[in-house]
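As a plain string of letters, each chain reads:
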Amino acid sequence: MIKIEDYREVAPRGAVDLILRLAERVRGRRLLHVSATRYGGGAAELPQRTVPLLSDLGVEAEWEVVGGDADFFAASKALYAALQGEDRVITEEMLRHYLEMNRLSAQKLRLEGDLVVVHDPQPGSLIEHRRAGGKWVWRCHIDLGSPQRRIWNFFRGFVARYDAAIFSLPGFAPRLPIPQYIMYPSIDPLADRNRELSRSEVRGILDRLGVPQDKPILLQVGQFDRHRDPVGTINSYRIVKRHHDVRLVLAGSGPGDGPDGHEATAEVRDAATRDRDIVVLELPPEAQLQINALQRAATIVVQKSVRDRFGLEVAEAMWKGKPVVGGATGGIAVQIISDVTGYAVDSVEGAGFRLRQLLTNPELIARMGGAAREHVRRNFLITRHLSDYLALLTHLTAA
Amino acid sequence: MSEARAPFVFVGCHELRENLGWRAHDARELLDGLEQVPVGAVFHHVYGYFLRHRFYAGPYANDFASWAAVQLRDRVLGERLAVLDPFEFADLALLREELMSIIDDHLTHLPVVPRLVYGEPFYFVQSHIVEIATDQRARTLAEFRQHLGEIDASTVYYHMVEARVRLGRRSGDFAEWLRASLGRPDLAEQVERIDLYFLSLERVRARILGLLDVALDDEAATPR
Chain F
43 MIKIEDYREV APRGAVDLIL RLAERVRGRR LLHVSATRYG GGAAELPQRT VPLLSDLGVE
103 AEWEVVGGDA DFFAASKALY AALQGEDRVI TEEMLRHYLE MNRLSAQKLR LEGDLVVVHD
163 PQPGSLIEHR RAGGKWVWRC HIDLGSPQRR IWNFFRGFVA RYDAAIFSLP GFAPRLPIPQ
223 YIMYPSIDPL ADRNRELSRS EVRGILDRLG VPQDKPILLQ VGQFDRHRDP VGTINSYRIV
283 KRHHDVRLVL AGSGPGDGPD GHEATAEVRD AATRDRDIVV LELPPEAQLQ INALQRAATI
343 VVQKSVRDRF GLEVAEAMWK GKPVVGGATG GIAVQIISDV TGYAVDSVEG AGFRLRQLLT
403 NPELIARMGG AAREHVRRNF LITRHLSDYL ALLTHLTAA
Chain P
327 MSEARAPFVF VGCHELRENL GWRAHDAREL LDGLEQVPVG AVFHHVYGYF LRHRFYAGPY
387 ANDFASWAAV QLRDRVLGER LAVLDPFEFA DLALLREELM SIIDDHLTHL PVVPRLVYGE
447 PFYFVQSHIV EIATDQRART LAEFRQHLGE IDASTVYYHM VEARVRLGRR SGDFAEWLRA
507 SLGRPDLAEQ VERIDLYFLS LERVRARILG LLDVALDDEA ATPR
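Read top to bottom, the protein sequences are chains F and P. In this text, residue positions in the first sequence follow the working numbering: the first is 43, and each later residue adds one. In this text, residue positions in the second sequence follow the working numbering: the first is 327, and each later residue adds one.
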């Protein structure tokens, strides 16, 4: 099992010592995470990675998962989408069922702690069943900047009963009568997705994926839908291709949950059949090492999203020393420091221009890649996230 | 080598950011927000920058100036806000007044107040600094130098920025200890003179380490 001491090699100088000292102040306190699933997305990944580390630090950290039937997951999925502004039909019956399933979960689970962190909308109504003692915080991993009004009116009543909320960006937060903290998501540098790989491991994985390494690789990682704009990335690649002999790799797990996922997937597949230098990889979610190897093999990473929840593919690539050309939106705009670690762009043409600029000036690629890794080391590693939670535990449970 | 009367205790910190729910879409709303928000938000947007960024994450080292220049595309306002050196102010209330005065004066000269077109609004955030006392203690210049080279950058921030601005220790903790406990006013003065506004925390650390190395070399060369 990975221990906090293992992070000394990768965290900023002195950071692990500070974490150890901060943890001493909250040793023995109980921190409970509650989410809807054990796998997939930030709501599951955060407790999965941090609970063992917090336990190692002496915090009584635990993780509970709410249960439910197929109707519960259908209702909560619709709620999740509507809160992000997408049109969904949500009936009164669906909402009643959602509440009833969470009531049953509350009876089964030990929802007690000095700090109880409830992740995302699915288990959000558990606050109704809060027992005495401890602080309850709602951790929202999605963009609530423009939710469907009727559904937000229903859900806001629950959120307002928490002691605080946590959002990934200020722009993702709606008006609320409770304190709102801002915490960026993070990557784990020791996980399969980000750990060091030797050149021969990278080469072997790319060979197995059928990706030739005979020319510079431009890579975009992410599902295929309009928000992530893989079609825009192909058009940027075409601008570049007139001047540089490169290969574009689009690696995703098929149609995304954003709009027009199937149309975008079809367009991407079609483009690949017309151009042998476009490689489309549809990988399963567990293909962590494969993504790692692709990011390490890439010359430049592209993330030309037009709307972003806080895709960590940017920080992952930066950690591997790659400059990123990304859409100036959501969390991408926070991860990229333009002109220093890559470029934030607003159009297909902008991405094409910056990619050409980098390919023509390879010394820029090395310099920006180095700066990118340092920016991630300080701001987007799990060690910073651990400090966030320990500081929150200290701050909220001080008295 | 002389010993200090009291050891220097290195204290690190972690910043918890709280979104205040205020946002500005033009300079007038920025002015209104500045007037209304807790003074902790002024601290966050002007000084907190050094803790969050190793590199300049915008054209200027304060959030108000960068937002005006990049998002609002009012470069004149950006420049006017950027030139203000926050380390010249005795307290945050005075700094807030100066920022407001600059924006107010700028607005009086604008025939039309430009609104955001494509840019992001300005979100007012305040920080809660959680102090973390470390194990590192120094009694001599050599120990001080050794620990300063090993500590987290937030420790440099805490003693050089937080101590001066929010805790009212105007010289900063490093200079104060060098002067009062170690009896090295010469070195204290050199540390005080470091221009924080244009340096990252790592550069500040490097500058102090450089000063300490010279002082330690001098001590070693001086016959007892």
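Keep in mind the hints are simulated off the structure, nothing from the lab. In this text, all values refer to a predicted model and were calculated from it rather than measured experimentally. Treat each hint with caution, since some may be false.
[Claimed, not checked] Partial selection, computed: residues in chain P whose CB lies under 7 Å from chain F:
1) H351
2) V456
3) E457
4) I458
5) T460
6) H473
7) L474
8) D478
9) L535
10) G536
For every residue, glycine included, the Cβ atom is placed at its ideal position computed from N, Cα and C.
Taking the hints in turn, this is what the structure says about them:
Contact between H351/P and chain F, as hinted, is not supported at the beta carbon level, the nearest pair being about 12 Å apart and thus beyond 7 Å. A distance limit of 7 Å between C-beta atoms decides the matter here; for V456/P the minimum to chain F is near 4 Å, and the interface restraint holds. The closest approach between the C-beta of E457/P and any C-beta of chain F is roughly 10 Å, which is over the 7 Å cut-off, so the hint fails. About 5 Å separates the beta-carbon of I458/P from the nearest beta-carbon of chain F, less than 7 Å, and the hint is met.
Contact between T460/P and chain F, as hinted, is supported at the beta carbon level, the nearest pair being about 6 Å apart and thus within 7 Å. Interface hint status for H473/P: violated, as the beta-carbon distance to the closest one in chain F is roughly 10 Å, over 7 Å. Checking L474/P against chain F by beta carbon gives a least distance of about 10 Å; that is not within 7 Å, so the hint is violated. The beta carbon of D478/P comes within 3 Å of a beta carbon in chain F, closer than 7 Å, and the hint placing it at the interface holds.
Annotation: L535/P was flagged as interfacial toward chain F, and the flag is violated, the nearest CB pair being 13 Å apart, outside 7 Å. For G536/P, the shortest C-beta to C-beta distance to chain F is roughly 17 Å, which exceeds 7 Å, and the interface hint is violated.
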